[in-house]
Amino acid sequence: MSRVAQPGTILRLAVLAAALAFPFAASGYHLYQGAQVLIFAIALLGLNLLTGVNGQISLGHGAFFAIGGYGAAILTAKLGVPYLLAVPLASLVCFGAGFLFGFPALRFGGLYLALATFALAVATPQILAYKGFDFLTGGSSGVSLAKPHAPFALPLTTDQWLYCLCLLCAAVLYWAARNLVESRVGRALVALRDQPIAAEAMGVNAALYKTTCFGVSALYAGVAGALSALAVGFVSPESFGLSLSLSFLVGIVVGGLGSLGGVLFGALFIEFVPNLADQLSVTFGESAKALPGAIYGGLLILAMAVMPGGVAGALEAAMRRVSRKK
Amino acid sequence: MNAFLHQLASGAALGGVYAIMALALVMIYQATQLVNFAQGEMAMFSTYFAWKLTDLGWPYWRAFAVTVVVSFLGGVLIERVVVRPFAKAPVLASVIVFIGLSLIFNALAGWLYGYSVTDFPTPFDGPPWFGQRAMSAHESGSILVSLAVLMLVYAFFRFTPLGLAMRAAAQNPTSSRLVGIRVGWMLAIGWGLAAAIGAIAGMMAAPIVYLDPNMMAGVLLYAFAGAVLGGIDNPFGAAFGGFAVGVTENLMGAYVVGSEVKLSVALAIIVGVLVWRPSGLFGRRLVARV
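Residue numbers (the numbering used here), protein chains in the order written: chain B, 5 to 330; chain E, 30 to 319.
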């Protein structure tokens with residue numbers, strides 16, 4: 005096979021080009037939404053590494069997103085750390101937290117891990133609002149931080165700069181995740197998902213790989229959370245509840261379990277479905293609040309029944325059919 | 030002292046609710062080795078149904094009975110239509126389906142009944158029972174109902190042919206099928222029973238935690254903690270765990286961590302038990318054949 009014209013590479017370059025052109029074509033609120041999509045995509049990448057590739061169920065990734073967000077907010081607003089340093093620092097904290105949570109997670113079979121992470125997701129807003137941490141987390145009122153401006157006198161607005169920052173992070177993290185999955189480590193992770201006993205018999209260190217995978221996954225969620233704190237300019241306990249964690253799950257299922265490119269579809273989906281519901285609530289009133297939940301729930305079951313590969317899987321199948329016809 | 034007794038009583042009242050929720054979870058677990066994440070939202074939806082009936086002017090106990098029966102039928106229907114197609118799917122797919130179910134019920138309740146917090150009637154109003162003052166009438170009644178449910182479920186599984194068939198189907202499906210038990214239907218009945226028990230739990234919890242579409246998230250979490258603490262494959266353990274979690278949660282909330290972070294008590298219990306004693310207090314050790 006020659007190195008020219010692989011359809012996957014062309015597709016990736018096209019998406020990158022479109023993403024690069026976007027900040028100069030769109031404005032204000034659309035840029036903010038674009039940044040949100042990229043942020044969700046980063047979090048979904050992390051969750052997909054854990055759940056899709058390694059087969060460990062997490063219903064609590066909102067908690068790591070929250071640690072990243074609060075970490076960045078506290079570091080910049082309370083301790084005066086520059087934000088470009090705060091994002092990696094906060095995500096390192098997340099790596100640590102994920103690694104530590106991954107340790108007991110080893111002893112839980114798939115189901116128990118789901119239970120424990122579910123508990124984590126439900127308890128997170130309460131822990132964040134806890135009075136004992138008021139001096140750091142601001143209790144139930146949260147922490148505000150200044151939105152960063154473009155450095156080096158670049159001719160970019162704040163929204164454009166934030167979008168570019170998110171795009172840079174998303175591209176680098178996507179590249180890293182891809183390399184990880186296609187390496188020896190990635191094969192070991194897949195083997196642990198599909199044939200855990202055989203993988204261990206072949207010498208894969210299950211404990212090390214699984215905890216590290218949990219840590220890396222939490223790190224991705226942490227980067228996303230930190231970027232989200234910068235983009236929104238504010239963190240508060242209510243935004244990190246169970247529904248956030250569950251929407252991450254919806255995102256990877258819709259995009260495609262184990263498909264790294266699919267997270268983009270998932271991210272677009274979980275960004276715009278609640279938006280759509282907001283718009284509908286103008287005409288339908290309060291009952292439109294039920295719409296995202298109904299769509300999410302229906303799609304989860306439907307995807308498992310007829311489209312377990314998600315959007316990415318369906319696209320791949322369609323592409324294969326087209327190329328066979330040639 | 031009186032305040033302490035009061036905390037103990039309200040802990041036991043909610044503990045009874047957790048205990049029967051945990052029992053419902055264990056029933057599904059024993060038959061399928063799966064935990065029903067939609068149990069809480071199903072119970073919430075049943076509770077709204079009962080509220081609608083009392084709102085129409087039905088007497089409480091008639092609404093109660095009809096809700097339990099309708100929930101049973103609903104549980105059977107859900108097993109047949111939604112859960113059954115995934116019987117052979119991996120754990121991840123089943124968990125995702127259950128989460129989907131819970132999101133649907135939550136949305137449905139919000140759409141049909143709105144998102145505002147509502148009062149739910151209790152049949153046990155009036156002065157506290159037996160002339161004591163530590164426990165309100167609803168708390169006493171709720172504990173009584175929980176114990177009655179536990180007893181009825183025990184009697185059903187221990188003394189009726191159907192209960193025996195259900196236990197057999199859960200323990201050894203292949204042999205049960207060979208002696209003529211319809212294993213698939215046993216599972217559907219199990220789901221029905223779990224839904225009916227959940228409905229009772231919801232109706233007992235609602236006067237305490239108030240009725241809203243998210244009321245059962247916390248209750249379900251405590252029920253998980255109770256089931257894990259007692260051993261998720263042991264009904265007695267789960268019931269004991271439910272009561273224990275209810276009392277612990279209330280006392281911790283009142284005297285140690287403060288009521289704002291009570292949910293983290295459940296998180297701590299779940300993680301703690303899984304780290305130090307994954308099989309729970311009364312559960313069987315999990316042994317896998319390689």
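For the record, the hints were derived by calculation from the structure and aren't laboratory data.
Only a predicted model underlies this, so the values are computations on that prediction, with no experimental measurement involved.
One thing to keep in mind: the hints can contain errors.
Within a straight-line C-alpha distance of at most 27 Å, the following computed DSSO-like cross-link-like pairs (lysine-lysine) qualify [said to hold, decoys possible]:
# : chain 1 : residue 1 : chain 2 : residue 2
1 : B       : Lys151    : B       : Lys82
2 : B       : Lys135    : E       : Lys81
3 : B       : Lys82     : B       : Lys135
4 : B       : Lys293    : E       : Lys81
(request) Report the numbers of all earlier hints that the structure fails to satisfy, in ascending order. (result) 2
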